[in-house]
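K.L.:
Residue strings, one per chain:
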Amino acid sequence: MGLLDRLSGLLGLKKKEVHVLCLGLDNSGKTTIINKLKPSNAQSQDIVPTIGFSIEKFKSSSLSFTVFDMSGQERYRNLWEHYYKEGQAIIFVIDSSDSLRMVVAKEELNTLLNHPDIKHRRIPILFFANKMDLRNAVTSVKVSQLLCLENIKDKPWHICASDAIKGEGLQEGVDWLQDQIQAVKT
Amino acid sequence: MAATSSLQADGDKGKSSEASSKWLNAVSDPMTNIHTFPACMALADLHGDGEYELVVGDLGPDGRQPRLKVLKGTVLRESPLPALPAAAVTFLMESHEPQTPAVAIASGPCVYMYKNLKPYFKFSLPPLPVNPLEQDVWNQAKEDRIDPLTLKEMLEGIREKAEVPLSVQSLRFLQVELSEMEAFVNQHKSKSIRRQTVITTMTTLKKNLADEDAVSCLVLGTESKELLVLDPKAFTILAKMSLPSVPVFLEVSGQFEVEFRLAAACRNGSVYMLRRDSKRPKYCIELSAQPVGLVLVHKVLVVGSNQDSLHGFTHKGKKLWTVQMPAAILAMNLLEQHSRGLQAVMAGLANREVRIYQDKALLNIIHTPEAVTSLCFGRFGREDNTLIMTTQGGGLIMKILKRTAVFGEGGGEADPLLSQPVKLNVPRKTRIYVDQTLREREAGTAMHRTFQADLYLLRLRAARAYVQALESSLSPVSVTAQEPLKLHAVVQGLGPTFKLTLHLQNTSTARPILGLVVCFLYNEVLYALPRAFFKVPLLVPGLNYPLETFVKSLSDKGISDIIKVLVLREGQSTPLLSAHINMPMSEGLAAA
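If you read the sequences in order, they're chains A and B. The first sequence runs 1 to 186 under the numbering used here. The second sequence runs 1001 to 1592 under the numbering used here.
So that you can see chain A by itself, here it is in the shape it has in the complex (with noise of 0.2 Å):
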């Protein structure tokens, strides 16, 4: 990696393709999140519920993030598994309003730890504490407590309180992500 390369990235001339894994239960707010992410003339409109899962892409200042959307419903979450190889990020969003599922948030999020593809990679893991705006959301502070995410020695993390549908937070977790990304491949 030269000079030439950064150089070129930090002027935007040439971004890095970053493959990303987004996951989470479902109706928590990762299509959303992703859309919201996106330029604001690509953005649709509905957001519906994601069969199996789909493949976005969208731009942060020096690099380009191509986001493996995945379903996050009970019948489709085996297939997350099988793109853990790929992924050189994870976002894992969660329904901060949604205190019942919360263990299952944290199962599903343990089952990918220690999965062989993921657990020897020191992979950056950016978590979204989603659904900030309503009532009964618990903040990010509690999410984590409730995760357990200080177990997590191995691999950079953080998580941030997000709003999806008005885009409150995300600029900030994709910052973080950059920083991270930038600081492995350097």
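What the hints contain is simulated information worked out from the structure, not anything from laboratory work. Built from N, CA and C at the ideal position, the CB exists for glycine as well. Misleading hints may appear alongside valid ones.
Only pairs whose alpha carbons sit at most 16 Å apart, straight line, appear in this in silico EDC-like list of lysine to aspartate or glutamate [as the list claims (entries may be wrong)]:
{"hint": "1", "chain 1": "B", "residue 1": "Lys1189", "chain 2": "B", "residue 2": "Asp1147"}
{"hint": "2", "chain 1": "A", "residue 1": "Lys15", "chain 2": "A", "residue 2": "Asp175"}
{"hint": "3", "chain 1": "B", "residue 1": "Lys1152", "chain 2": "B", "residue 2": "Asp1136"}
{"hint": "4", "chain 1": "B", "residue 1": "Lys1402", "chain 2": "A", "residue 2": "Asp175"}
{"hint": "5", "chain 1": "A", "residue 1": "Lys106", "chain 2": "A", "residue 2": "Asp26"}
{"hint": "6", "chain 1": "B", "residue 1": "Lys1022", "chain 2": "A", "residue 2": "Glu107"}
{"hint": "7", "chain 1": "B", "residue 1": "Lys1535", "chain 2": "B", "residue 2": "Glu1548"}
{"hint": "8", "chain 1": "B", "residue 1": "Lys1115", "chain 2": "B", "residue 2": "Asp1136"}
{"hint": "9", "chain 1": "B", "residue 1": "Lys1402", "chain 2": "A", "residue 2": "Glu74"}
Chain B stretches covered by chain A per the calculated footprint, using a threshold of three residues with CB under 8 Å from any CB of chain A [to be verified]:
{"hint": "10", "region": "1024-1038"}
{"hint": "11", "region": "1071-1082"}
{"hint": "12", "region": "1377-1383"}
{"hint": "13", "region": "1397-1404"}
Starting from the known structure of chain A, fit chain B onto it as the hints suggest.
P.N.:
Relative to chain A, chain B alone:
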């Protein structure tokens, strides 16, 4: 929710690895205050947004404040109910709209329908026919032709003879006091008498499609031993079936317009099977005990009995299997996992376990902090496999079945007794024992002889002492056929004054004893008795007579002596029986 999470952590540690590997603890809240039973719990998508809600007909903490509670996620909403609920079900009334199911709560003689959680319709059971004789009598009272007393007499006559039972009003009249009768008749005579029945159980039956979103009919079981099938829209009675006893649990399979089978567990300890077009039960299963739950699993009817066992029956009433439970069954319900096609029966037991059985095989045991009184499995919130339990203390426990969990046979642990053979507790013998046996082998003859001689002497001495005791009537129990008596004396107290109680009992079967006297013999220097000689009342056989006197210790030196008690017959000088009382040391002022 803070308390919840800490509780969850505690629960995890105590759980066996088996249980924790299959279930996730979503909620464990001991303070929810839901007091209900399995028939009063239902899960449905009430708002049509894919979020399933739990509908509970709650009895209230003391069974006196009935409430309709709806749980969405972890948020509980409630509204008061007019009477205690007997059952709660959710069903689809019509198929044309974006469907939101209606909630039906059966309580008393009515079924209250709620749509979008708003009262929508009230169905009342048709009144039962009234006894014409009773009607006549009340009509006479209305025209003031008979007075309340004759009215009462006539009603009592009807109650004893007639086959149709009396109405509530007449029964109430028979209860009131003489003074209130006049007022009661004046108040009630203008009202027409009615006979109402009460719903005991309720379930749903698909009308003509077996789909999830098909229209269902309500099936009601009433206290008047009838089953009614209601039309989902018009709430007219589509079918009426009669049973020999009061139904308490109902299970239905099939569709109303095609073919259906109804199983009704009744209070007389029988389960009756009904088919389409049969007005009376076709088959009957007689259980040896009262049924506590009824669940239909695939084609097998599982009945829980109050003798702590589950029985499996076919639709024709043939017994397939029996499983014994370790404790009493408090609640039963069906566990249906659509994704794996699993149907099993859950049983909440009194020993704080929930056991899951598929036929005879134990699949899983869940340990709960409190005994579970109602349970329900299905889609709740957005999660397909949620198990909702309420405990005896009103707590709420929710568990989510893991996506990866598979129930296999052998989920239950093996019998602990089989794995651990019991060691016999045989005592060990030491050197001393071996030496002793050697000695016995050498000098066996001498030992035998000496022992026999000693035994002769022992018998002689025992007989001598016995004769002596008989002669002086020393024994406190007289066994002679004429005077069966028993005496024992008790001394109470510390001080210079003691309370001496004699317990005298006639031990004959049916012969009272008359004319007995009690006499105390004592050292007059040491003790003072107010009366040392008194008569005994007539002794009724079997009763224990406590006769008490006060003994005062006179000695100031702390000397104790024996007091003798003699029970004599009047006119005879030989005592019948006697007792010796060792008086305790006086600890009173006199002694000090």
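K.L.:
Please work out if B/Lys1535 and B/Glu1548 have their alpha carbons no farther apart than 16 Å.
P.N.:
Given that 16 Å is the threshold and the Cα spacing comes to 12 Å, the pair holds.
K.L.:
Given the hint that B/Lys1152 pairs with B/Asp1136, does the C-alpha gap stay at or below 16 Å?
P.N.:
Holds - the C-alpha atoms of B/Asp1136 and B/Lys1152 are around 13 Å apart, at most 16 Å.
K.L.:
Between the alpha carbons of B/Lys1115 and B/Asp1136, is the straight-line distance 16 Å or under?
P.N.:
Distance of about 43 Å is beyond 16 Å: violated.
K.L.:
Measure nothing beyond the straight line between the CA atoms of B/Lys1189 and B/Asp1147; if it is 16 Å or shorter, mark the hint as holding.
P.N.:
Holds, because 12 Å separates the two Cα atoms, which is no more than 16 Å.
K.L.:
Test coverage of the region 1377-1383 of chain B by chain A using CB-CB distances below 8 Å; three residues minimum.
P.N.:
Answer holds; 4 residues pass the 8 Å Cβ test.
K.L.:
For the region 1071-1082 of chain B, does the count of residues with a C-beta closer than 8 Å to a C-beta of chain A reach 3?
P.N.:
Holds: 3 residues of the region 1071-1082 of chain B have a Cβ under 8 Å from chain A.
K.L.:
Counting residues of the region 1397-1404 of chain B that have a beta-carbon nearer than 8 Å to any beta-carbon of chain A, does the count reach 3?
P.N.:
With 5 residues close enough to chain A, the hint holds.
K.L.:
The region 1024-1038 of chain B covered by chain A? Criterion: 3 or more residues, Cβ-Cβ distance below 8 Å.
P.N.:
With 4 residues in contact (Cβ-Cβ under 8 Å with chain A), the coverage given for the region 1024-1038 of chain B holds.
K.L.:
Are B/Lys1022 and A/Glu107 close enough, with their CA atoms no more than 16 Å apart?
P.N.:
holds (11 Å)
K.L.:
Against the 16 Å threshold, does the CA-CA distance of A/Lys106 and A/Asp26 hold or violate the hint?
P.N.:
holds (14 Å)
K.L.:
Holds or violated: B/Lys1402 and A/Glu74, Cα atoms, limit 16 Å.
P.N.:
holds (10 Å)
K.L.:
Take the C-alpha atoms of B/Lys1402 and A/Asp175, compute the straight-line distance between them, and say whether it is at most 16 Å.
P.N.:
violated (34 Å)
The structure fails to meet hints 4 and 8 from the earlier list, while all remaining hints are met.
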